[in-house]
Amino acid sequence: MSLHVKPILVALRRHKAGTLLIALQIALTLAIVCNALFIIHQRLSSMAEVSGVDEANVFVIRNQWAVIDRTTQQVDAQVRADLLALRQLPGVQDASAATGYPLQGGGWDNYVMMTPDQVEPTTDSAVYVGDEHFIGTLGLRLVAGRNFRPDEVGVMGTQEAVAPPVTVVSKALADRLFPGGDALGKNIYAMSAKPSTIIGIVDPLHRQGTSSWNKAYAGQSLIWPARPDDARGVFYIVRAKPGQLADAMREAPKALYAQSRMRIIDAKDGIQDYAEVRRRAYDSDRGTAILMGIICTALLAITAAGIVGLTSFWVGQRRRQIGIRRALGATRHDILGYFLTENFLIGVAGALVGVVLAVAMNLWMITHAEMERMPTVYVLAGVIVLLLLGQGATFAPALRASRVPPVEATRPV
Amino acid sequence: MFAYYLDLALRSLKRSPGLTALMVLAIGFGVAASMTSWSVFRAVSGDPIPWKSAQLFVPQIDNWGPNGRSADGDPPNAMDYTDATALMRDHRARLQSAMYQISPSVVPAEASKHPINVSGHAVFGEFFPMLDVPFLYGSGWSASDDANRAQVVVISSKLNEKLFGGTNSVGKSVNIERADYRVVGVLDNWNPQPRFYDVVNSGGFDSGTEDVFLPFQTAIQANIPNDGNTNCNAVPKEPGFAGLQHSECVWIAFMAELDDAAAVTTYRDYLQGYAREQQQAGRFAWAPNNRLRSLPEWLDNQHVVPSDTKVSLLVALGLLLVCLVNTIGLLLAKFLRRSSEIGVRRALGAPRSAIYAQFLTEAGIVGVAGGVLGLLLTCAGVASVGWVMPKDIASLARLDVSLLLLTLLVAVVATMLAGLYPTYRASRVQPAWQLKSN
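So the sequences go chain by chain: Y and G.
FYI, in this note's numbering the residues of the first sequence are 1 to 413.
FYI, in this note's numbering the residues of the second sequence are 1 to 438.
Isolated chain Y (complex conformation):
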């Protein structure tokens, strides 16, 4: 492409309005597209987070008790009986009671301290409560230390959150608290004056939620060895034998109702396999990504169509001038180059404004919509996409321009 920039600029001065409109359109499209790409990437990367669970074989039962006013001992007897019944099912490999499960289940967070009298917490951790079957049922990978022994498993009643003497933590939490990698055997204080000794490390173990506020702690979790005997209800996590998920999901509620009818397992949401858990957890992320994708596509299509339209108009307007240039010896290649360069110059001008708008839009979203700062690479990607789009959209009309025969110079318009 031969760059005769000066005559192009002079010619553009005669088409101020059109030039401005294309530049403005490119600027606005750039601003929106790179922000949208950033949002899409954020959402896709959170959807790709690993839970640590053997998702193909695990399902969850949300079991609520029909009678709230019971003692922890009464609930515990029921939970033990339920677990025994679940574990005896032919399609079931293991089962555990829990206060929550990765990605979506309820549960709570605790601040974690390194010393008992520390005022400012070191960090925050999701807290799971489960028995010695919890790790095996979820299929978590134990990378150091050991699982809980049955004698370490206590009971935890309604609204109880007493830190037990031992705990298993996720590797992310272990590394956050003990960057030296020597967490095993160390003590931590999870909102308690009494220490909990780290006896095992699992990797990974996602927290119970996927909302954006806890993104910074996404993999930080700890497990307390106890049967959660909350009088309101309990989650039963069940791991089916490979290939028997559907059977196990069908038999499990029957086994539970055979133990006692005084429970509520919602017909619609009460039993979910992990595919469903994951789908629900990332519902709004997926939706937003799709929405942004649709809007980006529409924007790029409209902007491209607009450039085609205006450039075609310019080509039509300038047939005579093109003919004269051709007659004076310009090659078809020169004409093609002229229009492509013209669009490139407008594109660059638009992109410069667009970069400013993109940053402004990002800043607005940081203050008004809990957004993070957009890395420069998205702006660069946006600039490249729009310049290429401009060139692509100009190509067809420019090619048509290059086919204008020199004889046009002699014809009246």
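I should point out that these hints are in silico values taken from the structure, not numbers from a laboratory.
This structure is a prediction, so every number in the text was calculated from the model and none was measured.
Take these hints with a grain of salt, some might be off.
Think about it this way: if two alpha-carbon atoms lie no more than 25 Å apart in a straight line, the pair counts; the simulated DSS-like pairs of lysine-lysine are [to be verified]:
1) Y/241 with Y/254
2) Y/268 with G/162
3) Y/268 with G/113
4) G/391 with Y/268
5) Y/254 with Y/268
6) Y/16 with Y/6
7) G/237 with Y/194
8) Y/215 with G/391
9) G/158 with G/113
10) G/172 with G/158
11) Y/268 with G/158
12) G/172 with G/113
13) G/162 with G/113
14) G/391 with G/158
15) G/162 with G/172
16) G/162 with G/391
17) G/113 with Y/254
18) Y/268 with Y/241
The hints should help you fit chain G onto chain Y, whose structure is shown.
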């Protein structure tokens, strides 16, 4: 004359069907995207109780001190049992209610039926008149019912349908957690969104319904624990629901009706005095740090409008803007291509105003066509918003006459505005120049 311009415009649009289709598509798509996002945004950002929201206030008491405050120094966004019951006892607002979320089971009379789980709130009797809650049958309960821990219940029309076949069930009995409660009122389809009286637990929006309302102290006595969030700055010393009541954990929502500025000031002073008393009693080791926000301020402070809906509205409006800039460009190209025609009309005596009328008519037609397409796409958009937004929010998006009119209006007005500059340029065409160059 208008019929003539209409004819001219239609001829002109037919002459370049591709360009016309492109403009109509762009306007239609841009308007539909904006209107669909708007339908969601207006649903989530609307005032749930517009006639009264300025009189409803949410107090916050700082029972955690400096370490428990948010980054901007705010105290916890809910109350502990001690403060909530103290504020109820002092009763300084005209109407007020502490409340907490419950999820008890209702056991049907027939032994063959499974118990069902219902959600609701434990509230004080003043909750109902304070929030103008509509009743189908009966009413709320009295202050003496609160004081006597009466076994009464207000149920939703949905639960009334399920348990009593929709008949007037006032006076009948419902088995909740193995105890009998007498129905005193049946709500008339009341499910405000956002669930403004307890945004902390509902997150603002909840597509489920609230089926039971029990007296606060009755629920406490019956040991019906809270089913919502519990936030603690320290682990409660005693276990169980009783332990929670004796702890500094926050789990209770509170709302008060204050009818004028004087009442607000008085209440603010009261809160200040209460916190100072607690400080003097040694419970708080810090100066009072209360908040008293009106309902609109509270909804804003708690970020009830989901940020995703704000972002999608912003992006959709951006799309509309790009579509309009695009339309300006295309109309400009289209109009100026006909410079010679304009030149002839002007030379034959057409004034500038005639050129304006002619080309704005053309822009208007594009706008109407874009608007009609936008209407169809908005209908499709509102119907399918559940694909891209959580169902609690998507189910609030409504298609109504005002939205449809707005869609059409935005399309036509925006396209006419977009047509102004190209029309201006068309009206400036010099007839002599055009005739000469031909």
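Hint check results:
For the given pair, residue 241 of chain Y sits about 18 Å from residue 254 of chain Y by alpha-carbon distance, which is consistent with the 25 Å threshold. Pair hint residue 268 of chain Y plus residue 162 of chain G holds up; C-alpha atoms about 17 Å apart against a cutoff of 25 Å. With a CA separation close to 17 Å, the supplied pair residue 268 of chain Y and residue 113 of chain G stays within the 25 Å bound. In summary, the hint linking residue 391 of chain G to residue 268 of chain Y is supported, as the alpha carbons are separated by about 15 Å, within the 25 Å threshold.
A threshold of 25 Å between alpha carbons decides the hint, and for residue 254 of chain Y with residue 268 of chain Y the separation of about 15 Å falls inside it, so the pair holds. Distance restraint check for residue 16 of chain Y and residue 6 of chain Y: the Cα-Cα separation of roughly 15 Å lies within the 25 Å cut-off, and the hinted pair is therefore satisfied. The hinted pair formed by residue 237 of chain G and residue 194 of chain Y meets the criterion: a straight-line CA distance of about 13 Å does not exceed 25 Å. For the given pair, residue 215 of chain Y sits about 23 Å from residue 391 of chain G by alpha-carbon distance, which is consistent with the 25 Å threshold.
A hinted pair counts as satisfied when its Cα atoms are at most 25 Å apart, and residue 158 of chain G with residue 113 of chain G qualifies at roughly 18 Å. Distance check on the hinted pair: residue 172 of chain G and residue 158 of chain G sit about 16 Å apart at the alpha-carbon level, within 25 Å; holds. The suggested pairing of residue 268 of chain Y with residue 158 of chain G holds, with an alpha-carbon distance near 18 Å, which does not exceed 25 Å. For the given pair, residue 172 of chain G sits about 19 Å from residue 113 of chain G by alpha-carbon distance, which is consistent with the 25 Å threshold.
The straight-line distance between the Cα atoms of residue 162 of chain G and residue 113 of chain G is roughly 12 Å, inside the 25 Å bound, and the hint therefore holds. Simply put, residue 391 of chain G and residue 158 of chain G have alpha-carbon atoms about 20 Å apart, close enough for the 25 Å limit, and the pair holds. For a cut-off of 25 Å, the pair hint linking residue 162 of chain G to residue 172 of chain G stands: about 14 Å separates their Cα positions. Only pairs whose Cα atoms come within 25 Å are accepted, and residue 162 of chain G paired with residue 391 of chain G is accepted, the gap being roughly 24 Å.
Proximity of residue 113 of chain G to residue 254 of chain Y is assessed by CA-CA distance (about 15 Å); at most 25 Å being required, the pair is judged to hold. As the CA atoms of residue 268 of chain Y and residue 241 of chain Y are separated by approximately 24 Å, the hinted pair is consistent with the 25 Å bound.
Hint compliance for this structure: no hint is broken.
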